[in-house]
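Undergrad: This is what each chain is made of:
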Amino acid sequence: DSGVTQTPKHLITATGQRVTLRCSPRSGDLSVYWYQQSLDQGLQFLIQYYNGEERAKGNILERFSAQQFPDLHSELNLSSLELGDSALYFCASSVGFNSNQPQHFGDGTRLSIL
Amino acid sequence: DQQVKQNSPSLSVQEGRISILNCDYTNSMFDYFLWYKKYPAEGPTFLISISSIKDKNEDGRFTVFLNKSAKHLSLHIVPSQPGDSAVYFCAVKRGSNYQLIWGAGTKLIIKP
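So the protein sequences, as listed, match chains D and C.
Position one of the first sequence corresponds to residue 1 (my numbering), numbered consecutively onward.
Position one of the second sequence corresponds to residue 1 (my numbering), numbered consecutively onward.
Calculated directly from the structure, the hints in this document are not laboratory data.
Hints should not be assumed to be uniformly reliable.
[To be verified] To list a few chain D residues with every Cβ distance to chain C over 12 Å, as calculated: (1) Leu11; (2) Arg18; (3) Arg22; (4) Ser27; (5) Gln41; (6) Arg63; (7) Gln67; (8) Asp71; (9) Glu75; (10) Asn77.
[What the hints assert, rightly or not] Straight-line distance between alpha carbons at most 30 Å, and here's what the computed DSS-like set of lysine-lysine pairs gives: (11) Lys9(D) / Lys5(C); (12) Lys93(C) / Lys57(D); (13) Lys9(D) / Lys93(C); (14) Lys107(C) / Lys9(D); (15) Lys71(C) / Lys57(D); (16) Lys57(D) / Lys68(C); (17) Lys107(C) / Lys57(D); (18) Lys107(C) / Lys71(C).
Owing to the predicted nature of the structure, the values given are computational and were not obtained by experimental measurement.
Backbone N, C-alpha and C fix where the C-beta goes; we use that ideal spot for every residue, glycine too.
If we strip away everything but chain C, and leave its shape as in the complex, we get (with noise of 0.2 Å):
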C-alpha cells in the first residue's frame, strides 16, 4: 500500500531546461510535504517544502507546486544545473503525526 508515489524511477533533462519532478499521494489528510536531495553515499538534504493551506512555494531555482484536488506534487528546476543530478525524494507528514512517509525516489540526470 503505497501512499506516496514518484512514477519516474528516472529523468533526463539538458543542462539550461527545465526539470520537473512528480509525485503522487492517495490520503488527502496529509497536509505537509517536503523535497528531500540525496547524492550518492550522503544522507538526504531537504530542499523545499509546502504547506497544504498553498498551492506554491519558491526558493531560488525551485519551486514546488500543490494540486490538492488531484493529490499532486510537483518540483521544478529551473534551469537545471548540473550538480542538480541526484535522487530526489518527496515526503510526506499528516498534522500531528510526526512520521515522514516518503516516496521511492527520482533520480534525475542533467546532461551537458
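Next comes chain D alone, as it looks inside the complex (with noise of 0.2 Å):
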C-alpha cells in the first residue's frame, strides 16, 4: 500500500462529457503528480503541484485543468472527452518538490470513453 488513493478506480463515460478524478497524497506528502499512462505505453508526466501551487507542467491539454486544495489532495478535471482520452490516470505524490526521492503512486484511475 503506497499510502496514495485515487478514486474512482473506473470510470465509463460518452465523449463530450466531463469527469473529475480525485487523489489524497501519502501522509506527509506536498508534490502531487498526475501522469497519463495509454496502452503498452509509458507514463506521461501531465501536471505537478507543490502544496497547492502548481510547480511543472507537462504534456497537458487545455481540456484537462488540475488543482491541488488546501488539505493537499488533488483532482484531475477532464472535459470535452474525446475517444483518445482513454487511459489509467495515475497520480503520484513525493515529499519535496525538486527531488530525486521516489514519488509513489496510487493504483489508477481506468477511464473509458464510448
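Since each chain comes alone in its own frame, lean on the hints to assemble the complex.
TA: Encoded structure:
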C-alpha cells in the first residue's frame, strides 16, 4: 500500500462529457503529480502541484486542468472528452518538489470513453 | 521522439537465473535514473535509482548499471524469483526539470 488513494478506480463515460479524478497523497507528501498511461505506453507526465501551487507542466491538453487543495488532495478535471482520452490516469506524491526521492503512486483510475 | 527506449516489450527468465532489463536514452543531460516495477491493477512502485555520478548501485538482489558513454541503463535481478514477474519501467530526469520521462516498459516473466 503506497498510501496514495485515487478515486474512482474505473470511470466509463461518453464523448463530450466532463469527469473529475481525485487523488489523496501520502501523509506528509506535499507534491502531487498526474500521469496518463495509454495502452502499452510509458507514463506521460501531465502536471505537478507542490503545496497548492502548480510547479511543473508537461503534455497536458488545454481541455484538462488540475488543482491542489489546502488539505493537499488534488483533482484532475478532463472536459470535452474524446475517444483518445481513454487511458489509465495515475497520481503520485512525494515529499519535496524537486527531489530525487521516489514518487509514490496510487493504483490509478481507468477512464473509458464510449 | 522517444527519449527513453525499452526495446524489449517482454522477457522470459528461468527462476533462479539472472534477469537483465535494458533501457536506452538519447539525452546526455539526463542525470538521474530510476526503475519502477508495476503489477497488474496497481500503480508503479519505486525499485532502485542511480545518479549520473555513479555507474553502479546495488540494493539486495537488484543492481542498476549506468553506462553514460553508451547512454544505456540496465537492471540486473539475481536470483530471479516468481514475485519478480511484473512490468519494469525505467524513468529518467534532468536536473531541475521536475518531469520524469518514462520508457514503455518491459514485461518480465519468471518461469518456475
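Undergrad: Are the Cα positions of Lys107(C) and Lys57(D) separated by 30 Å at most?
TA: holds, 29 Å
Undergrad: Verify the proposed pairing of Lys9(D) with Lys5(C), using a straight-line Cα cut of 30 Å.
TA: holds, 29 Å
Undergrad: Taking C-beta pairs only, is Gln67(D) more than 12 Å away from all of chain C?
TA: holds, 18 Å
Undergrad: Beyond 12 Å on every Cβ pair: is that true for Glu75(D) relative to chain C?
TA: holds, 18 Å
Undergrad: For Lys107(C) and Lys9(D), compute the direct alpha-carbon distance and say whether it is at most 30 Å.
TA: holds, 23 Å
Undergrad: Mind verifying the non-interface call on Asp71(D)? Its CB should be farther than 12 Å from each CB in chain C.
TA: holds, 21 Å
Undergrad: Could you let me know if the closest chain C CB is still more than 12 Å away from the CB of Arg63(D)?
TA: holds, 20 Å
Undergrad: Between Lys93(C) and Lys57(D), does the CA-CA distance stay at or below 30 Å?
TA: The hint holds at about 14 Å.
Undergrad: Regarding the assertion that Leu11(D) does not contact chain C, is the least Cβ-Cβ distance greater than 12 Å?
TA: holds, 15 Å
Undergrad: Over 12 Å from every CB of chain C: does Arg22(D) meet that, or does the non-interface label fail?
TA: Check passes; 15 Å lies beyond 12 Å.
Undergrad: Could you grab the alpha-carbon distance between Lys9(D) and Lys93(C) and see if it respects the 30 Å cut-off?
TA: holds, 28 Å
Undergrad: Please verify whether Lys57(D) and Lys68(C) have alpha carbons no more than 30 Å apart.
TA: holds, 27 Å
Violation of the numbered hints given earlier is confined to hint 5; every other hint is satisfied by the structure.
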